[in-house]
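Student: Residue numbers (this note's numbering), protein chains in the order written: chain A, 144 to 339; chain B, 5 to 551.
Derived by calculation from the structure, the hints in this document are not laboratory data. These figures come from a predicted structure and were not determined experimentally. Yeah, the Cβ is synthetic: ideal placement off N, Cα and C, and Gly gets one too. A few of these clues could be false.
In silico DSS-like links for lysine-lysine, alpha-carbon gap of 25 Å or less [stated by the list, open to error]:
{"no.": "1", "chain 1": "B", "residue 1": "Lys91", "chain 2": "B", "residue 2": "Lys117"}
{"no.": "2", "chain 1": "B", "residue 1": "Lys541", "chain 2": "B", "residue 2": "Lys527"}
{"no.": "3", "chain 1": "B", "residue 1": "Lys174", "chain 2": "B", "residue 2": "Lys91"}
{"no.": "4", "chain 1": "A", "residue 1": "Lys163", "chain 2": "B", "residue 2": "Lys444"}
{"no.": "5", "chain 1": "B", "residue 1": "Lys328", "chain 2": "B", "residue 2": "Lys317"}
{"no.": "6", "chain 1": "B", "residue 1": "Lys117", "chain 2": "B", "residue 2": "Lys174"}
{"no.": "7", "chain 1": "B", "residue 1": "Lys412", "chain 2": "A", "residue 2": "Lys185"}
{"no.": "8", "chain 1": "A", "residue 1": "Lys197", "chain 2": "B", "residue 2": "Lys412"}
{"no.": "9", "chain 1": "B", "residue 1": "Lys336", "chain 2": "B", "residue 2": "Lys326"}
Pairwise CB distance ranges, derived in the manner of DEER restraints [said to hold, decoys possible]:
{"no.": "10", "chain 1": "A", "residue 1": "Glu209", "chain 2": "B", "residue 2": "Ala462", "range": "55 to 61 Å"}
{"no.": "11", "chain 1": "B", "residue 1": "Ala445", "chain 2": "A", "residue 2": "Gly277", "range": "56 to 62 Å"}
{"no.": "12", "chain 1": "A", "residue 1": "Gly318", "chain 2": "B", "residue 2": "Ile379", "range": "40 to 46 Å"}
Listing some non-contacts, in silico: residues in chain A with all C-beta distances to chain B over 10 Å [claimed, not checked]:
{"no.": "13", "residue": "His155"}
{"no.": "14", "residue": "Leu243"}
{"no.": "15", "residue": "Asp285"}
{"no.": "16", "residue": "Leu293"}
{"no.": "17", "residue": "Pro333"}
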Amino acid sequence: MTKNIDWEAIHHRLATVTAKISGHLDQSPDEVRRILEVRARKMAQAPAKPDESKHLEILGFVLAGETYAIETRYVREVCRLKDLTALPGTPPFLAGVMNLRGQILAIIDLRKVFEFPDRGLTELNRVIVLRGNGNELGLLADTIEGVRLLATAALQDCLPTLTGVREKFLKGVTGRMLVVLDGGRLLEDPSLKVNG
Amino acid sequence: MNFINMKIGTKLAFGFGSVLTIFLLVIVMSYKNFTQFKESDAWNIHTYQVILNAENILMSLINIETGQRGFVISGKDIFLEPVNMGKVDFDNHYAKIKALTSDNPKQQERLVKLQEVKNRLINETIETLIEARRNVANNQKTMDKVLAEFSEAKGKALMDELRRILDDIKGDEERLLVIRTNSMENLKSQTDISMTIGGVIGVFVSIFLALFIIRSVTRPILEIINVANRLAEGDLTMRIDVANRTDEIGVLQQAFRIMIGKLRELNRDLREGVEVIASSSTEILATVSQVATGAAETATAVSETSTTAEEVKQTAHLSHQKAKNVQDSAQKTAVVSATGHQAVAKTIEGMHHIREQMESIAESVVRLSEQGQAISEIIATVNDLAEQSNLLAVNAALEASRAGEYGKEFAVVAQEVKSLAEQSRQATAQVRVILMEVQKATSAAVMATEQGTKVVAAGVKQATEAGDSIQALAGSINEAAQAATQIAASNQQQLVGMDQIALAIANIRQATGQNLAGTQQLKASAQSLQSFGERLKGLVERQRLEN
Numbered sequence: 144m145t146k147n148i149d150w151e152a153i154h155h156r157l158a159t160v161t162a163k164i165s166g167h168l169d170q171s172p173d174e175v176r177r178i179l180e181v182r183a184r185k186m187a188q189a190p191a192k193p194d195e196s197k198h199l200e201i202l203g204f205v206l207a208g209e210t211y212a213i214e215t216r217y218v219r220e221v222c223r224l225k226d227l228t229a230l231p232g233t234p235p236f237l238a239g240v241m242n243l244r245g246q247i248l249a250i251i252d253l254r255k256v257f258e259f260p261d262r263g264l265t266e267l268n269r270v271i272v273l274r275g276n277g278n279e280l281g282l283l284a285d286t287i288e289g290v291r292l293l294a295t296a297a298l299q300d301c302l303p304t305l306t307g308v309r310e311k312f313l314k315g316v317t318g319r320m321l322v323v324l325d326g327g328r329l330l331e332d333p334s335l336k337v338n339g
Numbered sequence: 005m006n007f008i009n010m011k012i013g014t015k016l017a018f019g020f021g022s023v024l025t026i027f028l029l030v031i032v033m034s035y036k037n038f039t040q041f042k043e044s045d046a047w048n049i050h051t052y053q054v055i056l057n058a059e060n061i062l063m064s065l066i067n068i069e070t071g072q073r074g075f076v077i078s079g080k081d082i083f084l085e086p087v088n089m090g091k092v093d094f095d096n097h098y099a100k101i102k103a104l105t106s107d108n109p110k111q112q113e114r115l116v117k118l119q120e121v122k123n124r125l126i127n128e129t130i131e132t133l134i135e136a137r138r139n140v141a142n143n144q145k146t147m148d149k150v151l152a153e154f155s156e157a158k159g160k161a162l163m164d165e166l167r168r169i170l171d172d173i174k175g176d177e178e179r180l181l182v183i184r185t186n187s188m189e190n191l192k193s194q195t196d197i198s199m200t201i202g203g204v205i206g207v208f209v210s211i212f213l214a215l216f217i218i219r220s221v222t223r224p225i226l227e228i229i230n231v232a233n234r235l236a237e238g239d240l241t242m243r244i245d246v247a248n249r250t251d252e253i254g255v256l257q258q259a260f261r262i263m264i265g266k267l268r269e270l271n272r273d274l275r276e277g278v279e280v281i282a283s284s285s286t287e288i289l290a291t292v293s294q295v296a297t298g299a300a301e302t303a304t305a306v307s308e309t310s311t312t313a314e315e316v317k318q319t320a321h322l323s324h325q326k327a328k329n330v331q332d333s334a335q336k337t338a339v340v341s342a343t344g345h346q347a348v349a350k351t352i353e354g355m356h357h358i359r360e361q362m363e364s365i366a367e368s369v370v371r372l373s374e375q376g377q378a379i380s381e382i383i384a385t386v387n388d389l390a391e392q393s394n395l396l397a398v399n400a401a402l403e404a405s406r407a408g409e410y411g412k413e414f415a416v417v418a419q420e421v422k423s424l425a426e427q428s429r430q431a432t433a434q435v436r437v438i439l440m441e442v443q444k445a446t447s448a449a450v451m452a453t454e455q456g457t458k459v460v461a462a463g464v465k466q467a468t469e470a471g472d473s474i475q476a477l478a479g480s481i482n483e484a485a486q487a488a489t490q491i492a493a494s495n496q497q498q499l500v501g502m503d504q505i506a507l508a509i510a511n512i513r514q515a516t517g518q519n520l521a522g523t524q525q526l527k528a529s530a531q532s533l534q535s536f537g538e539r540l541k542g543l544v545e546r547q548r549l550e551n
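Modelling step: build the complete structure from the supplied sequences, incorporating the hints.
Tutor: In structure tokens form, the structure reads like this:
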């Protein structure tokens, strides 16, 4: 036997929800202004000046489950991956090219560079545009975490297990397994350059 | 004639006869001789009597003489006694001797002479002397005269003559005696010889005959005895030789032969019979044992049956009650079923109503779902905006860092934009989640209403079925009521039948009890029969038929 349904209670709940919904939608402009003002004030406060010598500004991103970072001075912008065109006869680390506002950008798959085995699902819908020394290339990423400061003291030398190509491109590793890439080396490396 | 084939009686007669003949001969001869002996003996007695009488006569004479002498001497009458007695004795003996020698003339002569002389003696001497003496007593005579007379001894001369005569008599007799004795001696030796010869002959003959008869009779009899003993021990293999005699022994042998043959036959028949008995008795025993067991089982079964009959009786009572109950229930049920039918109709109506409501609910829910879809699209757009804002914020941060000093405040703004974008992203994520939930809920609701309609349909069907069932039930109950009435009726019969069964079972029980006792007896009898059969078998098998 099913339990008796308390229709009164159900009606009451419906009424409350309805009120809430309608209440949220009709916020008075005064309320809106008030909220915004609070926010603006907060934002107007001068931020604490970080000590540049002891901090690095990095951009963190996630690729294939691993968290990486790269110094923001090498990063021009971040954008969505769209219209990736694969190029035949190119090395495997070159995923293809992308048209970014009229500019042709080579897209590098870091996984292939570091020779990780392909595993795990990746969204791979973000591109980090690196710029430096007259070169530009895009790095594939799953998600962009954001820009933040990293204490240089936290940066440790590479693990002895990382050898070869990885060692070349790594700037260091944090205690929390954040791998910091060396953007400069990435941009300069002739093996990553594509004549195009 | 074949001696062997003579009857035994005849043989024996012959044998005994021969012996008897010899015996008789000997006896006859002996008898003759003994008669002669006896005669001679009698004559000897005769002779001795004569001699004795002669002696007695002498004695009497002597007594007379002595008496006379005494009287002569004494003159007493007492001495006359012997004289008188002597006279008497003389007469007696004389008479006797006379009679005894009546066959002998010579002796008679002598006796006459004797008498004469005696008379002369008496008269001339004895009496005269006595007279004389008396005369002395009477004094008629003198003693001396008497004595002188006496001394003349006339008496002595007469006495001597008398003695001579007597001696002659005696002598004659003695001569006869001697003659007789001699002849008797001869006869005796004859007798001895003949008896010896006869005896020896007789012995030999009897031995020979005895041996012969024994041989011809005893040997076969011993043989037959042996056979009989062996028969007694059970050996039927003996054979009696055919001697082909026609006497009693032969007949006996024949009879024995026949008997042995018949015994063998009998034994064979017995063996067969005993086998049959033994096996039959064993079978009987087995069968009887089975029957006994069966009877015991029957007895048990009967007990159980009687208990069961009681139980059935109880059950019959019970079912009678139940039948009545069923009847009452049936009536009530009829009323109830009518009510039920109405209820079913109402239920079906209600069900239809519910279905309508369900359908309207489904409509609303579907509309809700469609609205949700619209929301989802909006949320997607918002999410996209949020992502773009995020990227924008990052780019702004990058530019801010590049802008250097001036860019630092801008970096804050960019950070804020990023956080806002993040928030809106989170919000959209939440909304998405909620939308998912709502979608799930609406789906569930739709499914529920669908189920509901199905349930309603099923309910209608069930209600209809229930209505039909109630109808059918009412019908069944009616039938049941009728059946119950019939059951009640048959129960009555059952009860009656049960009583009869109980009675019958009591009888059966009694009968089985008797049967059981009877079978026990039968078993005992069968056992004794079997043991008897075994004994018989043993007895029969003791007799060997073949070696």
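Student: For each hint, tell me whether it holds in the structure or not.
Tutor: Verification of the supplied hints:
Straight-line distance between C-alpha atoms of Lys91 (chain B) and Lys117 (chain B) comes to about 17 Å, which keeps the hinted pair within the 25 Å bound. Only pairs whose Cα atoms come within 25 Å are accepted, and Lys541 (chain B) paired with Lys527 (chain B) is accepted, the gap being roughly 20 Å. This hinted pair checks out: Lys174 (chain B) and Lys91 (chain B) have alpha carbons roughly 20 Å apart, not beyond 25 Å. Taken as a hint, the Lys163 (chain A) and Lys444 (chain B) pair is honoured in the structure, with Cα atoms around 22 Å apart against an allowance of 25 Å.
With a C-alpha separation of about 17 Å, the suggested pairing of Lys328 (chain B) with Lys317 (chain B) holds against the 25 Å cut-off. Pair hint Lys117 (chain B) plus Lys174 (chain B) holds up; C-alpha atoms about 14 Å apart against a cutoff of 25 Å. Restraint check for Lys412 (chain B) and Lys185 (chain A): satisfied, since their Cα atoms lie roughly 15 Å apart, inside the 25 Å limit. Straight-line distance between C-alpha atoms of Lys197 (chain A) and Lys412 (chain B) comes to about 17 Å, which keeps the hinted pair within the 25 Å bound.
Taken as a hint, the Lys336 (chain B) and Lys326 (chain B) pair is honoured in the structure, with Cα atoms around 15 Å apart against an allowance of 25 Å. About 57 Å separates the C-beta atoms of Glu209 (chain A) and Ala462 (chain B), a value consistent with the hinted range of 55 to 61 Å. Our hint of 56 to 62 Å for Ala445 (chain B) and Gly277 (chain A) holds, since their Cβ atoms are close to 58 Å apart. Evaluation of the 40 to 46 Å hint for Gly318 (chain A) and Ile379 (chain B) yields a pass: the beta carbon distance comes to about 44 Å.
Listed as outside the interface, His155 (chain A) is consistent with that label: its C-beta sits roughly 18 Å from the nearest C-beta of chain B, beyond the 10 Å cut-off. Every C-beta of chain B lies more than 10 Å from that of Leu243 (chain A), the closest at about 12 Å, which supports listing it as non-interface. In this structure Asp285 (chain A) is separated from chain B by more than 10 Å, as the shortest Cβ-Cβ distance comes to about 13 Å. Once the 10 Å rule is applied to beta carbons, Leu293 (chain A) is consistent with being away from chain B; the minimum gap is 13 Å.
Under the 10 Å C-beta cut-off, the non-interface status given to Pro333 (chain A) relative to chain B holds; the minimum distance is some 26 Å.
The structure agrees with every numbered hint stated previously.
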